[in-house]
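Trainee: Can you build the whole structure from these sequences, using the hints too?
There are 2 protein chains.
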Amino acid sequence: MRGRGTGSEHDVLERIRRAFGGQRLRTKRDGLRSEAGSRFLSLEMGDDAALVSATPGYEIVLTCDWFLEGTHFLRDKHPADAAGWKCLARAVSDIAAMGAAPRCFLLSLALPRELAAAWLDDFLVGLRRAAGRFGCSLAGGDTTERREVLINVTVVGEVRRGRDLRRSGARPGDLIYVSGRLGEAELGLRLLRERKRGLSPRDSRLRKQLYPKPRLELGRWLSEKRVPSAMMDLSDGLSTDLCRLCEASGVGAVIESDLLPSVGVTRLERNRGVDPLRLALHGGDDYELLFTVPKSKAARLPRALCGVAITRTGEVTQTREVIVSDDNGRSRVLEPRGWDPFRKSK
Amino acid sequence: MRGRGTGSEHDVLERIRRAFGGQRLRTKRDGLRSEAGSRFLSLEMGDDAALVSATPGYEIVLTCDWFLEGTHFLRDKHPADAAGWKCLARAVSDIAAMGAAPRCFLLSLALPRELAAAWLDDFLVGLRRAAGRFGCSLAGGDTTERREVLINVTVVGEVRRGRDLRRSGARPGDLIYVSGRLGEAELGLRLLRERKRGLSPRDSRLRKQLYPKPRLELGRWLSEKRVPSAMMDLSDGLSTDLCRLCEASGVGAVIESDLLPSVGVTRLERNRGVDPLRLALHGGDDYELLFTVPKSKAARLPRALCGVAITRTGEVTQTREVIVSDDNGRSRVLEPRGWDPFRKSK
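If you read the sequences in order, they're chains A and B. The first sequence begins at 3 in our numbering and counts up one residue at a time. The second sequence begins at 3 in our numbering and counts up one residue at a time.
If you are wondering where the hints come from, they were derived from the structure by calculation, not from laboratory data. For each residue, glycine too, the CB sits at the ideal point set by N, CA and C. Be a bit skeptical, because a hint or two may be false.
Covered by chain A, according to a simulated footprint, are these stretches of chain B (three or more residues, beta-carbon under 8 Å) [to be verified]:
| # | segment |
| --- | --- |
| 1 | 51 to 60 |
| 2 | 64 to 72 |
| 3 | 140 to 151 |
Mentor: Right, dumping it as C-alpha cells:
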C-alpha cells in the first residue's frame with residue numbers, strides 16, 4: 003500500500019488496516035501469517051509493493067476490474083457495505099471463470115474527503131466480509147482523494163498448471179451450460195432504481211445485485227474434473243458474453259430460450275412489461291458461469307453443485323453466428339445487447 | 003483484458019491490441035512468446051484473467067498505482083504520450099524500489115468517448131515505449147467510458163527470494179543516500195503550468211516530469227549486492243517519504259541540506275522565489291531511490307551507476323525525528339510537506 007505514514011492519507015490507511023487487522027497480515031519474517039492465503043503472502047501493505055510466493059506446480063492468475071460510482075454502482079442506491087462486497091466479488095468472479103482460486107488482492111481507492119470516515123468504514127465491512135468468504139487477503143493498494151468514489155481491484159489467484167479454463171476451447175457440437183439464474187441482478191437494479199417501498203438491502207430480490215457470489219466452488223470443480231472445453235463468467239449479459247466466447251473459439255451457438263433459467267418476475271411486473279427472457283439474455287452483473295462441455299463428458303455434470311443449479315441452454319455450432327430459438331420453433335440472430343460502456347450508460 | 007469481442011468497447015481494445023501487436027503476445031499453447039518476459043506470460047489479454055508462471059527461486063512483486071486526470075496529470079499540459087509513459091513508469095518505480103525486475107502489467111483505462119481515437123493512440127505510443135524500455139509486457143486490463151481519463155496500472159515483477167529491499171530495515175548509524183537530483187519533476191510541473199513560451203515536451207527541464215525513468219538498474223544492483231538496509235522510491239517528496247521509511251524502521255534521521263543533490267534553477271527563477279532546497283525536500287514525482295546503507299558497506303557504493311549519481315545526504319538516528327541541518331549548522335524538524343492527496347490538491 004503506497005503512501006504509508008504521514009498526513010491525512012494516513013487516517014484512510016489506518017482505517018483500512020484496522021478493518022483488516024483481524025487478518026493479522028504480517029511479514030513472514032515476523033513469524034505471523036495471514037488467515038487466508040497463509041502460504042502465499044510474504045509482505046503486507048505498508049511497503050512499495052507486495053511480495054507473493056507462488057505454489058510450485060501452480061500458475062498465477064491476474065485480473066483487474068473497475069468499480070466506478072455512477073458507472074458500476076450508484077452511491078445513493080448501493081449501500082456502502084454492498085459496494086465493498088461487490089467490488090471484490092466481481093473481480094474474484096474472473097478468477098472463478100478460469101477455474102482458479104483467489105489468493106490476495108490490491109485495492110485502489112479514490113474517494114471524497116467527506117466519505118473518508120463513516121462511508122469508508124461501512125465499505126470496509128463489506129469488503130472484509132467478501133475477503134473472508136472468498137479466502138482472499140488484502141495485500142496492498144493505493145489511495146487518493148477524488149470528487150467521486152473510484153475503485154479498482156486487482157485479484158491474484160492460483161490454478162494448477164494446465165487446469166486453467168479459457169474462452170477459446172469451444173468446439174461445434176459441445177453443449178452450452180450456465181450456472182444459477184440469469185437476469186436476477188438486472189431486475190434487482192431496476193427495483194433499486196425504483197426505490198420500492200419497504201425494500202431492504204437484505205431483500206432476496208436485491209441480493210444478487212448487491213452481494214453477488216462468484217461461483218468459486220463450481221469453477222474449481224469444473225477445472226479439477228476437466229469437464230468444460232471453454233468457460234467465462236457472465237458479467238455483461240449472456241448475449242454479449244456468449245458472443246465473446248464464440249469469437250474467441252471461432253464458433254457459433256444456438257440458445258434455446260425455453261431452456262434458459264430466467265429470473266422469476268411477479269405477475270404485476272410482467273404486466274408492466276418486465277420480460278424475464280430479455281433480462282436473462284441481456285441483463286448484466288449476474289457473475290454466473292457460462293461454459294461449454296463436449297457431449298461425451300456431459301453425463302459427468304450434476305444438476306447442481308453446492309446449491310447452484312447447472313442448466314443446459316444450447317449447443318455450439320460451426321456457423322459463426324449466435325442464434326436464439328424460441329419455444330415456437332422460430333429462430334433469430336442474438337445481437338450482443340448486454341453491457342458495453344462505450345455504447346450506453348447503464 | 004475484460005470486455006473482448008463486441009460493440010464499441012471492441013474498438014478501444016483493438017487499438018490497444020494493435021499498439022502492442024509488435025510484442026506478439028500469444029498463449030504458450032500457440033507456440034509464440036512475447037518479446038519481454040517470455041518465460042513469464044502464458045495468456046495474454048483476451049480472456050477473463052492473465053496467466054503468469056513464476057520463476058523458481060523468485061518471488062512475485064505486486065504494486066498498483068492511480069494515475070488520474072487532474073490529480074496525477076493535467077490533460078491540457080501533459081501530452082498523451084507522456085501520460086502513457088508516466089502511468090507505467092511510476093508503478094514500475096515501486097518495483098525498482100523493492101530491488102525487483104518488472105515483468106508484466108495490467109492496464110485499467112477509463113476515458114471519454116472523444117478521446118478513444120487520436121488521444122488514445124498517442125497515449126499507447128508512450129505506454130508501449132515505456133513497456134519496451136522497462137521490459138514489461140501488457141498482460142491484460144479493463145476498459146470503460148468516463149467523463150475524465152482515469153488510469154490504474156498494476157505491475158507484476160520478480161525478485162530473487164530473500165533479495166527484496168524493504169522500508170523497514172534502517173538502523174541508527176546507517177548512511178542515507180538518494181539517486182539522481184531531487185526537485186526536478188516539481189520544477190518541471192511549474193514550468194508546464196506556466197506554459198513557458200517555446201518549451202517543447204522534449205525540453206530537458208520537463209523530461210523528469212513528463213518521462214520519468216524508474217531506477218531499475220540501480221535497484222537491481224543494490225539488491226544483488228545486498229548493500230542497502232532499507233529502500234523505497236521517492237514519489238511524494240523526500241520529506242514525506244523519508245518520514246515513511248523512518249516510521250517503518252522505527253528510527254529517525256538527520257539530513258544535511260548542503261549535501262542534497264537539488265535541482266538546478268536559473269538566476270531569474272531564484273529571484274522569483276524558486277527555492278531549490280524546498281523543491282528537493284518537498285517536490286514529488288522524482289521516482290529516484292532513497293536508501294540506507296550500514297557504514298561497513300558504504301565503501302562498496304560507486305558515485306554513480308549507469309549514469310545515475312548516488313549521493314550521501316544524511317544519517318539514520320535513534321531519536322524518532324527527522325531533522326534537517328543547514329549549512330550554517332542550524333537544525334530544524336523536517337515536517338512531511340510532500341504530496342498528500344487528502345491534504346491538498348496538486
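Trainee: Name the hints, by number, that the structure is in violation of.
Mentor: No hint contradicted; all consistent.
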